[in-house]
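K.L.:
All chains, full assembly: derive it from the sequences and hints.
Residue numbers (my numbering), protein chains in the order written: chain D, 1 to 120; chain V, 1 to 163; chain R, 1 to 169.
Keep in mind that the hints were calculated from the coordinates and are not lab data.
Here are the simulated DSSO-like pairs of lysine-lysine, each with C-alpha atoms no more than 30 Å apart in a straight line:
1) K63/V x K26/V
2) K11/R x K163/V
3) K4/D x K77/D
4) K143/V x K132/R
5) K20/D x K154/R
The calculated label-pair distances, taken between Cβ atoms and stated as ranges, are:
6) E90/R x P74/D: 40 to 48 Å
7) G17/R x I44/D: 43 to 51 Å
8) S34/V x I96/D: 31 to 39 Å
9) N73/D x D135/R: 48 to 56 Å
10) E79/V x S42/R: 18 to 26 Å
11) N73/D x K71/V: 53 to 61 Å
12) C150/R x E45/D: 41 to 49 Å
13) E79/V x E45/D: 53 to 61 Å
Coverage of chain R stretches by chain D, computed from C-beta distances (three or more under 8 Å per stretch; other residues unrestricted):
14) 19-32
15) 86-100
16) 103-113
All figures in this text were calculated on a predicted structure; none of them were measured in a lab. The C-beta atom is built at its ideal place from N, Cα and C for all residues, glycine as well.
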Amino acid sequence: MSKKVLVIDDSPFVFKAVSKALEGTDWEVAGHGLDGQLGIEKYIETRADVITLDVTMPVMDGLEAAKKLFEINPKVKIIMLSAMGDETLLNQARTIGIKHFLTKPFQPATLQAKLAEAFE
Amino acid sequence: MTNFNLIDIFSQVFDDLFSYIGLNHKFMCEVPSSSLNSTEMVNTLVGISGDMEGNVMFGYTDKTAKEIAEKLIGGEVKEIDIFVKAALADFYSEFCKRFTNKIKVETAFDISSGEKNYILLSSNPTYISGEDMFGAISKVPSKKLFFKVNNEKFGIAYSLEQK
Amino acid sequence: MENTTEVLESKFDTLFGLAKRSFEEIMLEVTGEAIQADGEFSIQPENRLSLSIIIGISGNTNGRILLNTSVDYGKNIAVAMNFGDPLENEEDLHVYLAEFANMFCGRAATHINNAFGKREIWISPPAIFSAKDLDIVTPNVSSMKAYYECSLGKFIVDMGFSENTYDEF
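P.N.:
What follows is the structure in structure tokens.
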């Protein structure tokens, strides 16, 4: 049975890049939330095993969305996906409870390894 | 969270500056906008960053560009050369400084918790012109305010997100 | 003792070097092609349709980054990002290039802020413009350009700086 990943990102490119990177693996893309609010709704609907979460998004940003996701499920597994390696931002994310980070752009193997690490 | 109305702030600054240089002006309405828009012939883009980030784009006609420059330079302007572009950059730089300062004042009243000051910065204005131009200032649909300056249309498109 | 102009020029050289490095890294990671800045050229698209990505810079240093190319070359990057598949519609070109620009600028901001050990610059989200005879001018900045020619086309990274006079910094 395949494991499910939810992509919360305002960029259709990232959604497509994640989908392509996971072709032929035991991961299945369960959905795409175009902002934090929609992403939370998608999570409630899909209960994905792992979420890839962008930081800067309209309506509700990734940090705010992560807080709400942890309220819904304290054990939710999140990989924060960002173009910026800003330490302040990463520290804020760590404070919220996020343990996994990935910088864009990413190679398929790197994403697969990160998903496996987060899933364990 | 902050609680201020960007449309009010834009229209106040617009009114202040155009009154100051003495050009007839009027705020008309807010118009729906998409993420990709055909633009006016002449545009000026200013990037905003800090606790709010995004872009503000002023779109106006060739005639308005010359009228603004004439008021600032103090003489007749026949064509949009580098001096006119520099004058326009100064004008929109002033616009954005006043805009960001007004927001800082508004947010200063909100910050009663002793948290850090609201940081808001604007980049150097960039002049953009071309034929059949398309522009996207954000991945998400931007907002657009429609004004008139001496009966010519003048637009402010903006996409600003709280961080 | 170095005068202020020399100090600023040296700082701008460092900033520009980091921006170039970021562009080269992102091109390699996104398109798989290693590129190097080369001799000067101009981009004159056959259909006159030029494309520019503009990213505002503020902070201790103010200015902007421009990535200049043609619509056709921009499409080549977007198709490479789309894993070689053609774009579904014209609007996707801007979406893909905005993401490319985000990655480029995010990397540049990271390198710059790491090198200066503080929040030296803030970047604004990218804006993308295409037009016939596109004319883009940022007055009052010192501009530096790097020229890249590769299998995807011709690209010019143009970074303009001015020292900030804001009272916060």
